[in-house]
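Keeping the supplied structure of chain A fixed, place chain B upon it in accordance with the hints.
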Amino acid sequence: MENAAIFGWALLWILFWGALGGVVTPRVYARKDLEISQASFGGAVIGAALGPFSLLPLWFATPKITSRLIGIAIAIVVGIFIAAFALADPDNLCVANGGFVISQLANGIVIGIIYGLMALGLTLIFSILGVVSFAHGEFYMIGGMVTYFMTAEWIPGVSPIIAILASCVVTFAIGYLFERIFLRPMGSGEIERPTEYAILVTFGLAFFLQYLTQALTSAVPVKAQRFFPFPRTEIPADSGALLKMTPGNVTVFDAISIPNPRFTAALLALMMLAALLWFLYRTWVGKALRAVSQDRQAAAVTGINPNSMNTLAFSMGAMLAGLSGASLVQVFSWLPQVGIPAAARSFVIIVLGGMGSLPGAFLGGLIVGLVEAAGTGCIPDATRAAAYIPAYGMVILTLVLLLKPTGLFGREL
Amino acid sequence: MNLTPMGTIRALATALILLLIVGCAPDSQTPEESQSDTSISQAEKAPEEGDSEQPAADPIRIGAFFPLSAPGSVVGGEAMRDAMLIAADHINANGGLLGRPVELIVVDSEGLPERGSAVIERLISQDRVVAIAGGYHSSVGVVAKEVAHDNNIPIVLANTWNDTITSVQYPQVFRIAPLSSEVSAVDVKFMQWLRDDAGARLEKVVLLTENTDYGIPAAEDTSRLLAEAGIDSVTFGVDIGTQDFAGIVERIKAEAPDLIMSLATGEASYNFAQQAADAGIGPQDVPTLCDHNALESNSFWRNVPDGNYCFVRRIGLPAQLYNDVALDFLAEYQARTGKEGAESYAFAAYDAVRVIAQAIAEAGTTDADAIIATLEGITYIGALGKITFPVNSSNTPEQAGVDPKWWHQFPDPAVTVVQYQHEGEDSVSATVVFPETYRTGDPVVVGQ
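Order-wise, the sequence lines are chains A and B.
The letter at position 120 of the first sequence is residue 120 when you use this note's numbering, and the numbering goes up by one with no holes.
The letter at position 6 of the second sequence is residue 6 when you use this note's numbering, and the numbering goes up by one with no holes.
Bound conformation, chain A alone (with noise of 0.2 Å):
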């Protein structure tokens, strides 16, 4: 980094005028019996963005700090971030390449949608039945291995449609037999304390699938052939300068470069998240799990049944893990332990968006996504980039957890 020192001044702004807008505000906001609830959150995000020029305007005039002031507020404290960045390091790629910065960003968006429909089957869990289900990665992983011995060992040549319809099927099945038999418990009141319970029987379901399908298939990594490999086309046929395809690659003008299993897989994600979508806000068993997940009582008083919708919730979010799995199985090795590293990034997302939220889980997988490649991409030090790939998440969730302990959609406590 040629200019360090600006850099590190604008993030001494941020951070000094953020903590500053944090704590200051909301006591001027009770001093003056305000809604206090966003106020410790706007007035960090409006003191980092411009600190004394902001605050002091807030202080006295007190407005109601809505999302669009706030949403206003984090896109300039992204600004100062990025142009203070493009000053202080003025030759790194994410400043000097176009098209390095843009296949960055697709790449983050791809794998962030994939990120976003795992955390959705976590959040709609914990939405319905108010449990952290520590054996989300494991239904994950064993999606992908169904998936992967469909095509590659049971059925060569099948369809991987057929296959992940199967995945979807075989972790629907666990996730409703588990709820059935291990959960249901804590709904009929035969459990003394059922958050302890819940912790402690997804995290055994964690161990034993992890383990069972280590002794099942050995813990040698597999993976799927890519699932459908784009055509080798080039358009304008001699040069390819608009796009350019090759079974593993797209290419577009020249610039933009997705990897075909990355693309395929977010594909389908998004064409999940579509039914998924039509299925919660079209039919009458969505409008029902909504329900519960709104007021589990009222729910109950008009004729929905929610230990029904408890096993519906479980078998779907599992089944929406192994879905994601069976996706990226073309695109990682796999081995009995790929869950656990997607699990804790879905733990990371779910807070985010807030605990609970369906949109709140998709917009915080974009958001890990896209935080995770310009992370990767930009930190100056090669060595370490990739290797700080874990921590992107941790900083996001400590920010999350200062600022907005409820996440961006998340319901008030």
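It should be emphasised that the hints constitute simulated quantities derived from the structure, not laboratory data.
Quantities reported herein were computed from a predicted structural model and do not represent experimental measurements.
Even for Gly, the Cβ is constructed at its ideal location relative to N, Cα and C.
A couple of the hints might just be wrong.
What the hints assert, rightly or not - Capping the alpha-carbon separation at 25 Å, the derived lysine to aspartate or glutamate pairs in DMTMM-like fashion look like this:
id: 1; chain 1: B; residue 1: 253; chain 2: A; residue 2: 234
id: 2; chain 1: B; residue 1: 189; chain 2: B; residue 2: 221
id: 3; chain 1: B; residue 1: 253; chain 2: A; residue 2: 254
id: 4; chain 1: B; residue 1: 204; chain 2: B; residue 2: 182
id: 5; chain 1: A; residue 1: 64; chain 2: A; residue 2: 33
id: 6; chain 1: A; residue 1: 244; chain 2: B; residue 2: 306
id: 7; chain 1: A; residue 1: 244; chain 2: B; residue 2: 255
id: 8; chain 1: B; residue 1: 204; chain 2: A; residue 2: 2
id: 9; chain 1: B; residue 1: 204; chain 2: B; residue 2: 228
id: 10; chain 1: B; residue 1: 386; chain 2: B; residue 2: 306
id: 11; chain 1: B; residue 1: 204; chain 2: B; residue 2: 239
id: 12; chain 1: B; residue 1: 204; chain 2: A; residue 2: 91
id: 13; chain 1: B; residue 1: 253; chain 2: A; residue 2: 2
id: 14; chain 1: B; residue 1: 386; chain 2: B; residue 2: 197
id: 15; chain 1: B; residue 1: 204; chain 2: B; residue 2: 221
id: 16; chain 1: B; residue 1: 253; chain 2: B; residue 2: 306
id: 17; chain 1: B; residue 1: 189; chain 2: B; residue 2: 228
id: 18; chain 1: B; residue 1: 204; chain 2: A; residue 2: 254
id: 19; chain 1: B; residue 1: 204; chain 2: B; residue 2: 306
id: 20; chain 1: B; residue 1: 386; chain 2: B; residue 2: 412
id: 21; chain 1: B; residue 1: 386; chain 2: B; residue 2: 182
id: 22; chain 1: B; residue 1: 253; chain 2: A; residue 2: 381
id: 23; chain 1: B; residue 1: 253; chain 2: B; residue 2: 239
id: 24; chain 1: B; residue 1: 189; chain 2: B; residue 2: 285
id: 25; chain 1: B; residue 1: 253; chain 2: A; residue 2: 33
id: 26; chain 1: B; residue 1: 204; chain 2: B; residue 2: 285
id: 27; chain 1: B; residue 1: 253; chain 2: B; residue 2: 221
id: 28; chain 1: B; residue 1: 189; chain 2: B; residue 2: 203
id: 29; chain 1: A; residue 1: 244; chain 2: B; residue 2: 285
id: 30; chain 1: B; residue 1: 386; chain 2: B; residue 2: 425
id: 31; chain 1: B; residue 1: 253; chain 2: A; residue 2: 238
id: 32; chain 1: B; residue 1: 386; chain 2: B; residue 2: 324
id: 33; chain 1: B; residue 1: 386; chain 2: B; residue 2: 332
id: 34; chain 1: B; residue 1: 204; chain 2: A; residue 2: 234
As the list claims (entries may be wrong) - Residues of chain A clear of chain B, computed beta-carbon distances all greater than 10 Å:
id: 35; residue: 53
id: 36; residue: 83
id: 37; residue: 377
Only chain B this time, still in chain A's reference frame:
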């Protein structure tokens, strides 16, 4: 006790799960398997007087550690485990040691130093092993040597390359794997040869390394030697077990390297190679020196279907120079594993157990100091060739005028570079391209 129908189902489910766990345990590679043992023949005679703490009727226990779970290199660990089991079987088939059978106690290091340290401690304190063999990841080897030293237990490391493992000159630590710095020197010689003799354009090399005791010093040595050879290099670091290389692959692409060298182990090496191939800078697009995990051909081709033209560094003699020990081992290994060939670390693992066994037999006791003293002067003809440790307490590095890294170090592991030139090819039959002495074909230099 009255059970409701659901309670009955739950009880049955729990019982089924327990049964499954118990039923699967013997074949599993869970950490719990680290307790699992491989008892071998029943040859039992009265022990020699002066034998160590193990009771007379007990078998002689040798500890074996390697990664059998992620994030460690499971491919490497399983190959080493199979090889060591064959070694133990061969010893027992010949009557065991000192009239007692040999028992191999297998533990899973998971490729993690903290896990490795814990399981080796357990081998010594709980399983009472008389010596230890194994090691795949250098980071585990580095802590293993400390535990062995603290407990005065001889250890023979089979596949850990970090120079510091021997340079600290612990009496208990022996190594039959090559030194990292020496392998780096061979790597750079190979690249120089590609440039100077094979006509490849080679101005810039990208090193992708894992941030471990194997990857960091190897990348530093390679980078320094490349600079001396007039070749630029850029190093990218990743953590062990990294899955997603998309961002790094784009950065590597922007560097426009003439050669990419991977110093990542385990499934990370597969993930990198295939994701690079998907992005258009794989082994078929840019000359790529893959990590030696690529030697496990079945696993490599399953995970890296676009891995053709990978160069792979191979330790040990090439197939045309295999001796009788190597051929016997290879036949048994092929029969047991169904593989077409044996990986270099499998040969080393086999020899690690056999060299310990020979030391015990020559010492006539399982006393640690006696085994160490015998190992220092041993001449063992194994699958890797003639193994000796010429720099030792009676010929210290100072006396021998060599770097301390040569302490208790097998000086002659042959290093060759092979290249896959046909999809699905087995690593044993892959073309040896370097050095000239062993060459069986010309390299295919892609993308130029």
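Fill in: Pair hint outcome, residue 386/B versus residue 332/B [Cα-Cα no greater than 25 Å]
21 Å, holds
Fill in: Agreement of residue 253/B and residue 2/A with the hint, judged by alpha carbon distance not exceeding 25 Å
23 Å, holds
Item to complete: Would you check the hint for residue 253/B and residue 381/A, treating anything up to 25 Å between C-alpha atoms as holding?
Response: 16 Å, holds
Fill in: Satisfaction of hint between residue 285/B and residue 204/B, Cα-Cα up to 25 Å
Measuring from Cα to Cα gives roughly 15 Å; hence the hint holds.
Worksheet item: Taking only the CA atoms, is the gap from residue 253/B to residue 306/B under or equal to 25 Å?
Response: Holds, at roughly 17 Å.
Discussion item. What's the verdict on residue 64/A and residue 33/A, does the C-alpha distance respect the 25 Å limit or exceed it?
Written reply: Cα-Cα ~12 Å, so holds.
Worksheet item: Is the Cα-Cα distance between residue 204/B and residue 228/B 25 Å or less?
Response: 13 Å, holds
Discussion item. Need the status of pair residue 386/B, residue 324/B: alpha-carbon distance at most 25 Å?
Written reply: 12 Å, holds
Fill in: Agreement of residue 253/B and residue 238/A with the hint, judged by alpha carbon distance not exceeding 25 Å
At roughly 23 Å apart (the allowed maximum being 25 Å), residue 238/A and residue 253/B satisfy the hint.
Discussion item. Checking one constraint from the list: CA of residue 189/B to CA of residue 285/B, max 25 Å. Satisfied?
Written reply: Measuring from Cα to Cα gives roughly 22 Å; hence the hint holds.
Practice prompt. Starting from residue 204/B, check that the Cα of residue 182/B is at most 25 Å away, please.
Written response: 21 Å, holds
Item to complete: Take a quick look at whether residue 253/B and residue 234/A sit within 25 Å of each other, Cα to Cα.
Response: Since the Cα atoms of residue 253/B and residue 234/A sit roughly 20 Å apart, the hinted pair holds (cutoff 25 Å).
When held up to the earlier numbered hints, the structure conflicts with 10, 14, 25, 30, 34, 37 and fits the remainder.
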